[in-house]
Amino acid sequence: MTNESKNKGKLGTEPYKGVRDFYPADMAVQNYIFGKMRKTVESFGYVEYGASILEPTELYEAKSGEELVKEQTYSFKDRGDRNVTLRPEMTPTLARMIAGKKRELSFPLRWYSIPNAFRYERPQRGRVREHWQLNADLFGSNEIDADVEIISLAYQIMKDFGAEDKDFEIRISYAGVLNQYLKIMFSTNPENTNILTEIINKYDKISDENFLKKAGEIIGKEQASKLLDILRTRYFEKGIVKEIKYLEELRAKLSNSGINVNIDPWLKRGFDYYTGMVFEVYDTNPENNRSVFGGGRYDNLLEVFGAEKVPAVGFGMGDVPVKNFLEVRNLIPEYVSTTNLVICMLAQENMPKAQELASKLRAEGLNVAVDLSDKKVGDQIKIADKQGVPYVICIGEEEEKSGKFKLKELKTGKEKEVSGEEIKNIIL
Numbered sequence: 095m096t097n098e099s100k101n102k103g104k105l106g107t108e109p110y111k112g113v114r115d116f117y118p119a120d121m122a123v124q125n126y127i128f129g130k131m132r133k134t135v136e137s138f139g140y141v142e143y144g145a146s147i148l149e150p151t152e153l154y155e156a157k158s159g160e161e162l163v164k165e166q167t168y169s170f171k172d173r174g175d176r177n178v179t180l181r182p183e184m185t186p187t188l189a190r191m192i193a194g195k196k197r198e199l200s201f202p203l204r205w206y207s208i209p210n211a212f213r214y215e216r217p218q219r220g221r222v223r224e225h226w227q228l229n230a231d232l233f234g235s236n237e238i239d240a241d242v243e244i245i246s247l248a249y250q251i252m253k254d255f256g257a258e259d260k261d262f263e264i265r266i267s268y269a270g271v272l273n274q275y276l277k278i279m280f281s282t283n284p285e286n287t288n289i290l291t292e293i294i295n296k297y298d299k300i301s302d303e304n305f306l307k308k309a310g311e312i313i314g315k316e317q318a319s320k321l322l323d324i325l326r327t328r329y330f331e332k333g334i335v336k337e338i339k340y341l342e343e344l345r346a347k348l349s350n351s352g353i354n355v356n357i358d359p360w361l362k363r364g365f366d367y368y369t370g371m372v373f374e375v376y377d378t379n380p381e382n383n384r385s386v387f388g389g390g391r392y393d394n395l396l397e398v399f400g401a402e403k404v405p406a407v408g409f410g411m412g413d414v415p416v417k418n419f420l421e422v423r424n425l426i427p428e429y430v431s432t433t434n435l436v437i438c439m440l441a442q443e444n445m446p447k448a449q450e451l452a453s454k455l456r457a458e459g460l461n462v463a464v465d466l467s468d469k470k471v472g473d474q475i476k477i478a479d480k481q482g483v484p485y486v487i488c489i490g491e492e493e494e495k496s497g498k499f500k501l502k503e504l505k506t507g508k509e510k511e512v513s514g515e516e517i518k519n520i521i522l
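What the sequence shown shows, in this note's numbering, is residues 95 to 522, in sequence order.
Among the hints, erroneous ones may be present.
[Said to hold, decoys possible] Quick list of the computed label-pair ranges, beta carbon to beta carbon:
{"#": "1", "residue 1": "Q124", "residue 2": "R326", "range": "35 to 41 Å"}
{"#": "2", "residue 1": "D254", "residue 2": "K454", "range": "33 to 39 Å"}
{"#": "3", "residue 1": "Q124", "residue 2": "E343", "range": "34 to 40 Å"}
{"#": "4", "residue 1": "D175", "residue 2": "D115", "range": "31 to 37 Å"}
{"#": "5", "residue 1": "L322", "residue 2": "N236", "range": "32 to 38 Å"}
{"#": "6", "residue 1": "D479", "residue 2": "Q442", "range": "18 to 24 Å"}
Just so you know, the hints here were simulated from the structure itself, not pulled from any lab data. Since the model is a prediction, treat every value here as computed from it, not as a measurement. Idealized CB from N, CA, C, for every residue including glycine.
Take these sequences, add in the hints, and give me the full structure.
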């Protein structure tokens with residue numbers, strides 16, 4: 095039988111394209127990232143919520159960007175002939191939940207979640223088809239201080255990950271500012287303005303020649319050249335758009351808190367529901383020079399459910415770009431297993447004592463595994479070390495009689511003779 099015949103019909107071991115498997119070391123990184131996020135948002139008074147990954151497709155047709163719904167969602171008909179979508183983002187779900195119980199809720203609300211979401215995109219650095227995302231949202235305040243709080247929270251998360259101010263840049267803008275500017279400067283109509291803003295959004299990703307060609311089809315070659323020159327300098331005639339004054343006030347308030355932000359009117363978020371301030375956090379490292387995450391104000395999202403208007407502001411922080419940001423700066427801690435201790439045995443006769451000691455230590459709060467193999471002690475220790483376990487002890491006839499054990503720290507190789515009662519205080 096040929097190898098081809100043998101392999102025919104066998105299932106592949108690779109995950110679906112664009113999604114990830116998380117082996118223990120990978121999962122430890124995910125949990126580290128999520129743990130930092132949770133700790134910081136909860137320190138600001140935010141509480142966690144959750145929801146199903148399945149939503150009616152119409153939820154996204156009503157409020158998400160057209161490109162997202164038509165080209166990037168995983169949508170299908172269920173057996174009841176209903177159009178269903180795996181959520182591509184959490185904000186519409188959150189709006190649905192709040193609209194559904196608006197009369198029972200006490201505002202302002204500070205809620206957060208770290209759900210997974212699916213988008214059918216071309217997998218590349220910083221983009222996958224399934225990702226997890228911290229969503230932090232403040233409902234019930236239209237004050238500028240709510241915008242200050244959300245950006246302050248975003249800033250503090252970056253700092254709590256160990257980033258320095260020079261490692262990232264926060265840019266702020268206002269929904270609709272770019273459209274107004276293009277209308278005034280280039281006399282664009284609403285349809286052409288939307289097309290042009292999409293071209294501008296891709297400015298950093300396409301060649302100047304390609305940009306001039308695409309923009310020239312909308313506003314003419316000469317005007318496209320003028321626009322390209324403006325984009326290169328990020329110049330913006332501030333006085334012609336009134337919302338710039340609000341952004342300057344917001345910047346001043348953040349500056350008083352020690353947070354520096356830059357006003358960038360060319361910034362445009364990818365969703366249609368933003369109504370006020372928008373912001374992006376950018377990585378300043380040349381190796382990863384891209385947006386890490388962003389958010390903004392969306393005051394009208396509940397209206398699609400027939401509910402009264404509730405002002406809201408928030409952001410979404412994806413795990414993939416955050417991980418890339420941390421990796422570039424070596425800010426991810428070295429992997430250590432959640433298992434604190436492995437108990438090795440010289441012989442199977444020592445199993446009862448090993449299990450007895452393990453039970454006692456678990457009751458004291460340690461995570462303890464007993465090696466169940468019949469391998470030599472040296473091999474048992476090597477396996478524990480390879481799995482990232484920090485400590486081992488070995489039990490033989492002598493240890494059973496004396497009640498004393500040699501506790502070995504695998505990273506340093508140091509050993510210390512201890513009693514069962516001393517183990518917890520040394521490890522924890």
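Cross-check of the supplied hints:
1. Q124 - R326: 35 to 41 Å: holds, 39 Å
2. D254 - K454: 33 to 39 Å: The hinted range 33 to 39 Å holds for D254 and K454, with Cβ atoms some 36 Å apart.
3. Q124 - E343: 34 to 40 Å: holds, 38 Å
4. D175 - D115: 31 to 37 Å: With Cβ atoms ~34 Å apart, the hint holds.
5. L322 - N236: 32 to 38 Å: The hint (32 to 38 Å, Cβ to Cβ) holds, given that L322 and N236 are roughly 37 Å apart.
6. D479 - Q442: 18 to 24 Å: holds, 22 Å
Going through the hint list in order, the structure satisfies each hint without exception.
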